[in-house]
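Protein chains in written order, with my numbering: chain A, 4 to 394; chain B, 4 to 394; chain C, 4 to 394; chain D, 4 to 394.
One thing to keep in mind: the hints can contain errors.
Identical copies go unnamed one by one, so any copy, or any two together, can satisfy a pair.
Said to hold, decoys possible - With a straight-line Cα cutoff of 25 Å, these simulated BS3-like cross-link-like pairs (lysine-lysine) come out:
1) LYS380 - LYS14
2) LYS190 - LYS356
3) LYS55 - LYS190
4) LYS356 - LYS386
5) LYS380 - LYS190
6) LYS255 - LYS386
7) LYS55 - LYS14
8) LYS192 - LYS386
9) LYS14 - LYS356
10) LYS83 - LYS14
11) LYS255 - LYS14
12) LYS190 - LYS255
13) LYS192 - LYS55
14) LYS190 - LYS14
Since the hints were made in silico from the structure, they are not lab data.
Number of protein chains: 4
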Amino acid sequence: MMNALNRFPRKLRYAMVGGGLDAFIGSVHRHAMALDHHYELVAGALSSTREKSIASGRELGLADDRNHGSWQELLDDELKRPAHERIDLVVIVTPNHIHFEVAQAFADAGIHVVCDKPLVHTSEQAQQLVDTVARRGVVFGVTYNYTGYPMVRQAREMVRAGVIGPVRKVVMEYHQGWLATLLEAGKHKQADWRTDPARTGIAGAIGDIGSHAENLVATVTGLEIESLCADLTTFVPGRRVDDDGNLLLRFKGGARGVMAISQIEAGNENDIRLRVFGERGMLDWQQEDPNRLIHAPLDGPRMTLTRGSTWLSEAALKACRMPTGHPEAFIEAFANVYIGVAADIHARVATGKPATLEDAEYPRVEDGARGVRFIEKTVASSKSELKWTPF
Amino acid sequence: MMNALNRFPRKLRYAMVGGGLDAFIGSVHRHAMALDHHYELVAGALSSTREKSIASGRELGLADDRNHGSWQELLDDELKRPAHERIDLVVIVTPNHIHFEVAQAFADAGIHVVCDKPLVHTSEQAQQLVDTVARRGVVFGVTYNYTGYPMVRQAREMVRAGVIGPVRKVVMEYHQGWLATLLEAGKHKQADWRTDPARTGIAGAIGDIGSHAENLVATVTGLEIESLCADLTTFVPGRRVDDDGNLLLRFKGGARGVMAISQIEAGNENDIRLRVFGERGMLDWQQEDPNRLIHAPLDGPRMTLTRGSTWLSEAALKACRMPTGHPEAFIEAFANVYIGVAADIHARVATGKPATLEDAEYPRVEDGARGVRFIEKTVASSKSELKWTPF
Amino acid sequence: MMNALNRFPRKLRYAMVGGGLDAFIGSVHRHAMALDHHYELVAGALSSTREKSIASGRELGLADDRNHGSWQELLDDELKRPAHERIDLVVIVTPNHIHFEVAQAFADAGIHVVCDKPLVHTSEQAQQLVDTVARRGVVFGVTYNYTGYPMVRQAREMVRAGVIGPVRKVVMEYHQGWLATLLEAGKHKQADWRTDPARTGIAGAIGDIGSHAENLVATVTGLEIESLCADLTTFVPGRRVDDDGNLLLRFKGGARGVMAISQIEAGNENDIRLRVFGERGMLDWQQEDPNRLIHAPLDGPRMTLTRGSTWLSEAALKACRMPTGHPEAFIEAFANVYIGVAADIHARVATGKPATLEDAEYPRVEDGARGVRFIEKTVASSKSELKWTPF
Amino acid sequence: MMNALNRFPRKLRYAMVGGGLDAFIGSVHRHAMALDHHYELVAGALSSTREKSIASGRELGLADDRNHGSWQELLDDELKRPAHERIDLVVIVTPNHIHFEVAQAFADAGIHVVCDKPLVHTSEQAQQLVDTVARRGVVFGVTYNYTGYPMVRQAREMVRAGVIGPVRKVVMEYHQGWLATLLEAGKHKQADWRTDPARTGIAGAIGDIGSHAENLVATVTGLEIESLCADLTTFVPGRRVDDDGNLLLRFKGGARGVMAISQIEAGNENDIRLRVFGERGMLDWQQEDPNRLIHAPLDGPRMTLTRGSTWLSEAALKACRMPTGHPEAFIEAFANVYIGVAADIHARVATGKPATLEDAEYPRVEDGARGVRFIEKTVASSKSELKWTPF
């Protein structure tokens with residue numbers, strides 16, 4: 004049954020940190036959170052300066068007393084409020100270098116967190132967050148949003164069910180072209196911070212989109228990387244981080260992989276493709292055509308599975324709002340991650356215990372931590388003269 | 004600029020008539036209305052019986068005093084409320100046979116209306132609504148939702164701008180397969196009323212989806228049908244309305260068209276395709292791949308225009324939330340119709356005058372009326388021995 | 004097994020009438036006939052004037068004594084030659100108005116014939132040919148070449164085997180754009196004769212490509228047209244024949260169809276598509292992607308059948324030369340028609356009897372005659388004020 | 004103008020070594036050589052045993068005195084024949100281990116050679132052939148047949164013309180699945196020798212199809228590999244050579260590449276794809292859809308260039324036989340390589356000098372030698388613990 008479990012007792016109250024009116028991803032989060040009626044925005048510290056924060060909050064209709072100039076003020080204020088007013092969760096959509104301190108502070112205060120990816124700058128920071136989350140028992144979601152697509156979940160279920168047999172090979176691609184020129188030389192906000200090592204971290208493309216790629220592979224195949232071999236490049240003169248990377252992957256158990264990541268491929272938009280080859284068949288999914296999943300068995304014609312079809316797995320159908328032929332897309336996938344987060348928060352309220360993984364599907368702090376490790380190991384490998392860098 | 008004009012001073016309050024929890028389209032409307040933060044559901048008469056209405060309203064979180072057992076009670080109650088509480092609009096998502104009386108009553112009471120398609124059962128009813136809307140000066144939207152797709156608007160703008168030259172030929176297709184068997188014999192709610200002439204009207208497929216097809220042709224090409232020649236068929240034994248129809252079209256000015264409509268094409272989902280051929284090129288759009296529009300000029304390679312690209316028309320870009328490669332789909336298109344409705348309502352509040360057609364894009368009561376006429380003429384033509392039935 | 008039956012005792016000798024060096028289709032026939040080593044060109048009357056004929060024959064390496072200035076001289080000469088030298092067949096690739104007299108003369112002389120489509124100008128001529136072929140017992144192939152595609156044959160076999168159940172609906176399209184302007188005003192040889200009623204016949208697009216469409220429908224579905232309703236148009240000012248036509252079709256037994264034919268759709272190349280919908284599924288084939296056939300069952304994901312796959316029908320596999328993934332295309336399909344012709348000729352030599360239909364698949368004179376009838380009925384319908392013209 | 008230069012004074016006489024009736028590739032060569040009327044088969048030593056050779060020759064209609072039991076007898080016999088009877092070229096389509104001695108002997112005897120790929124087992128052998136070819140002045144073609152596709156040539160011309168700017172990145176894929184199981188354990192002739200190191204050489208997939216991939220990259224981009232990093236795997240238990248390989252590539256001048264090669268990807272057929280990204284755009288070609296080439300510029304919609312279009316480069320148009328929309332495919336591409344060989348042979352006869360590279364396009368012995376080097380370096384890299392192996 005489509006979307007059957009997604010009726011919750013009330014809307015969750017959230018605050019947003021970052022995501023002011025000239026930001027991109029904050030707006031995406033707000034659209035996604037609004038879609039299913041599960042969340043309402045009640046507070047915020049929406050930008051990097053007090054002035055811009057307040058102006059953004061007004062535009063979004065925040066009450067004056069919940070429209071803050073800094074995330075610290077937001078947190079202080081929330082902690083003073085009675086439980087029935089206080090936010091259930093904070094959503095962190097700042098540039099990467101802010102993630103850690105905000106996430107750490109809110110989680111430590113016992114407030115649930117959703118944080119954008121990549122999680123933080125270093126594995127040490129990531130481990131601290133993992134520890135804090137465990138200690139405080141909060142929900143912590145990381146918006147690897149592509150895992151919210153129904154047909155990605157269908158692929159995962161098919162791999163788990165052995166439909167294509169043991170996995171031998173993974174071909175993972177993430178092709179963008181928007182950084183084919185030195186956009187950051189102009190006033191392009193998105194390009195600016197994403198190519199500044201102080202804000203984006205040690206990696207460019209490999210951090211911004213490579214981390215999505217790593218997460219998709221892990222989510223769908225369940226494979227663990229054993230070692231990797233990376234070749235990162237900065238193609239655009241003047242750029243301070245990598246804008247392209249290709250990797251060879253070896254997984255525990257003998258599977259192999261290849262990964263091609265780029266943000267300088269002029270002409271590409273957001274072309275993510277994952278192909279998984281097992282002993283008895285293959286799966287092929289593309290983000291720009293997300294309602295379809297190709298399944299080719301070893302012997303027989305290839306099949307096109309479509310979102311919403313009755314013969315999909317329960318996990319995929321639960322992630323659908325619309326019948327077949329009525330396409331869903333990026334925002335809906337994003338919203339599915341937020342359904343998982345809501346399910347976990349409501350379960351904890353209702354039962355005092357976390358929801359099961361089946362009942363609350365969303366990428367967690369551990370996924371975020373592994374993504375940080377992936378970035379570190381990829382950068383290390385790219386500098387190494389040895390072929391294989393252990394993961 | 005994407006979505007630039009869509010910031011409104013407040014959320015509009017709406018009531019819903021029909022759309023209880025086991026309905027399909029009501030939920031779609033609610034998702035779409037929530038997406039952009041422009042609407043809030045405050046009242047309803049959500050189902051055909053008092054009991055189901057009340058239960059549905061509770062599930063959706065309606066306050067008890069605004070959760071009604073009938074649309075008449077809803078209307079009475081609203082008219083007693085002060086302006087700052089009263090609904091701005093009613094959304095009518097019942098089966099077709101209820102549309103007329105509800106729409107007429109609310110419009111006549113000066114309340115804005117959004118009504119599902121096909122608008123009403125007869126052209127006489129449609130004309131009454133047109134008159135009432137004009138007399139009372141209310142906004143009246145008809146949810147021909149496919150016109151909300153950015154690339155449909157792009158196609159319309161390109162035709163208007165003469166990019167493909169004067170239009171010669173239109174090939175319009177709408178292929179579904181879900182009624183390939185006698186679903187209505189079981190307890191299939193959607194199939195049940197759509198195949199019951201008392202509720203759906205004189206036409207089956209031609210009313211349910213043919214009216215979308217007519218509207219897409221009119222919207223994109225601006226052409227007016229001069230005469231048509233239809234062959235309607237009921238393929239499934241036991242069915243009481245047509246489930247398939249093919250038409251030849253002649254437009255004023257000499258253009259020609261062909262239209263293929265079906266709900267019994269086993270294996271098809273919701274495959275809508277519009278091709279427009281002009282003297283200097285063609286346009287090709289498919290609903291199941293909605294982020295792309297093919298433009299083939301007379302001399303030169305065919306081009307794939309993608310949603311969000313900077314070189315699109317302003318009208319198309321205004322309908323985008325996300326950058327290229329981050330697909331949008333059905334709900335977003337639906338929400339775009341609602342943005343147009345909201346823009347018109349807010350404009351009237353702010354200025355006392357309707358918004359311009361450019362500032363408030365949505366299908367209006369006149370579109371709905373023309374759609375009813377299309378259904379009537381198609382049914383008449385199908386019964387005629389003469390080739391051409393004037394429109 | 005691929006192509007298993009196609010080993011013949013010797014190459015067949017053929018003469019060509021028409022097809023000089025500046026012609027298009029003659030060259031296609033020669034490529035196709037050469038491909039599989041089953042034919043050798045030994046004689047010809049290759050053009051409309053003695054001078055051009057002789058020049059063309061020299062270029063193609065014909066011996067001087069078999070390079071003729073007219074088809075009459077060719078025929079006279081051949082009849083004087085001993086059997087081991089004489090041509091086995093004549094290939095007629097002239098403009099349409101020459102077909103009849105040449106085909107009639109050679110068939111009457113007991114020489115096998117392959118003739119291009121449309122067969123002749125009138126049903127009376129067609130019937131004469133049918134009678135002559137029967138009387139003289141010659142092989143007579145009509146190059147409805149699209150039936151030679153392996154996946155067209157696969158579709159036909161699947162319909163025959165009942166895989167999609169009884170056929171309800173057929174959507175047949177043939178879209179070209181090359182005549183979107185008045186090409187015949189220049190020195191465009193192909194456009195010139197195809198738009199001259201004296202040479203092409205009473206119909207333009209409907210004769211040139213509509214006849215292919217009719218043949219594909221008949222071949223794949225086996226359905227017989229009961230009545231049709233046509234709307235033919237001449238869009239390009241100054242043109243003397245139709246360049247666009249749309250049809251509604253009623254088949255014996257209750258199936259329905261729609262057909263869209265055009266040569267003025269700027270931007271289209273040679274886009275032929277046939278969709279057949281049965282009670283239990285559908286088939287979808289497109290000529291510009293000919294190695295694939297979509298099969299969507301009533302319940303289950305759609306499948307992409309690929310040419311060369313082991314699970315295809317024997318009839319399809321026999322038409323393949325190459326393994327899957329090594330695409331075959333137009334010339335190969337054309338050559339498959341010629342394999343059928345060769346198989347029939349060799350069978351008659353070897354056994355004195357025609358080959359079975361399974362062993363010699365090619366469109367026959369009766370197919371050509373039905374195609375002529377289709378053209379006549381379509382033109383008549385287009386002029387009629389009544390909806391249905393009996394076939 | 005299509006195919007304009009391809010009229011030659013006479014058919015070339017060829018002998019075939021290998022390619023008996025149960026072989027695959029020999030038949031492909033014969034179809035391709037027959038297609039354009041430029042070649043005739045007059046002699047052969049068609050199989051590995053005398054008995055099978057003679058039987059195959061009879062089936063193919065060879066005269067008894069030119070149907071030999073061994074290639075040595077064939078060569079001896081040809082050298083005794085007068086020039087007007089003697090073969091112009093030999094076509095070598097044996098398993099790989101036979102290539103060297105046959106090619107060396109015929110080239111050394113002054114007979115033109117076409118040899119299948121990969122050329123030979125070692126770079127030493129390759130160098131010997133290069134030297135012999137230079138010394139004897141013979142034509143030596145290597146059937147990297149995919150370079151014969153018109154749209155591959157179009158891509159090459161566009162790169163050369165700077166349409167996409169300097170090349171930054173190459174993504175080269177060659178995906179097959181036919182060796183996903185241990186086919187060689189049965190009586191599968193193609194699998195048998197291709198997985199036997201004594202016959203196929205030191206590499207499996209990387210030799211059989213990786214060499215095509217290398218050649219396509221070199222042909223289209225003109226880039227030279229500087230160093231490579233390979234990970235070869237044998238997935239199928241019991242197999243004696245690699246059946247999968249992934250590579251990182253560094254090219255002279257700074258471009259980067261990634262290559263994914265596999266024969267165990269169950270569900271794939273012969274899926275070759277080459278994407279080239281330059282500073283100002285990209286090109287994308289796929290072998291299973293060979294009539295199209297995608298060109299996406301840095302700023303503007305992506306375009307689909309189609310084979311046969313008038314706006315293609317002269318080099319591409321020369322490789323076309325058919326107008327747009329009438330697809331050509333594998334055999335036609337193969338035949339285009341043979342047109343190049345024929346052009347070079349005829350030029351040498353006519354002028355005593357080789358044809359220009361423009362007038363005679365085909366992969367030469369040097370391409371074959373570089374392919375052998377690629378195989379050796381890839382195998383060496385795969386065994387190395389260092390990341391980069393110089394090329």
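For this session: State whether the alpha carbon distance between LYS55 and LYS190 is at most 25 Å within one copy, between copies, both, or neither.
Result: Answer is within: at 17 Å inside a copy they meet the 25 Å cutoff, but 55 Å across does not.
Problem set entry | Homomeric proximity label, LYS190 with LYS255: Cα distance no greater than 25 Å | Neither, since 44 Å and 34 Å both go past 25 Å.
Exercise. How would you label the pair LYS55, LYS14 (within, between, both, or neither) given a Cα cut-off of 25 Å?
Worked result: Intra 27 Å, inter 23 Å, cutoff 25 Å: inter-copy only.
Exercise. From the Cα coordinates, with 25 Å as the cut-off, is the pair LYS380 and LYS14 best called within, between, both, or neither?
Worked result: neither (40 Å within a copy, 48 Å between copies)
For this session: Evaluate LYS255 and LYS14 at a C-alpha cut-off of 25 Å and name the case that applies: within, between, both or neither.
Result: neither (42 Å within a copy, 53 Å between copies)
For this session: Have a look at LYS190 and LYS356 and pick one of within, between, both or neither, based on CA distance no larger than 25 Å.
Result: neither (47 Å within a copy, 39 Å between copies)
Exercise. Which holds for LYS255 with LYS386 at a C-alpha limit of 25 Å: within a copy, between copies, both or neither?
Worked result: both (23 Å within a copy, 19 Å between copies)
For this session: First find the shortest C-alpha distance between LYS192 and LYS386 inside one copy, then the shortest across copies, and answer within, between, both or neither for a cut-off of 25 Å.
Result: neither (29 Å within a copy, 45 Å between copies)
For this session: Measure nothing new, just compare the shortest in-copy and cross-copy C-alpha distances for LYS380 and LYS190 to 25 Å and report within, between, both or neither.
Result: Neither. Shortest intra-copy (32 Å) and inter-copy (46 Å) distances fail the 25 Å Cα cut-off.
For this session: Using 25 Å as the alpha carbon limit, work out where LYS83 and LYS14 are close: within a copy, between copies, both or neither.
Result: within (21 Å within a copy, 29 Å between copies)
For this session: With 25 Å as the alpha-carbon cut-off, assign the pair LYS356 and LYS386 to within, between, both or neither.
Result: neither (44 Å within a copy, 51 Å between copies)
Exercise. For the identical chains here, do LYS14 and LYS356 meet the 25 Å Cα criterion within one copy, between copies, both, or neither?
Worked result: within (19 Å within a copy, 36 Å between copies)
Checked against the numbered hints listed earlier, the structure breaks hints 1, 2, 4, 5, 8, 11, 12 and 14; every other hint is satisfied.
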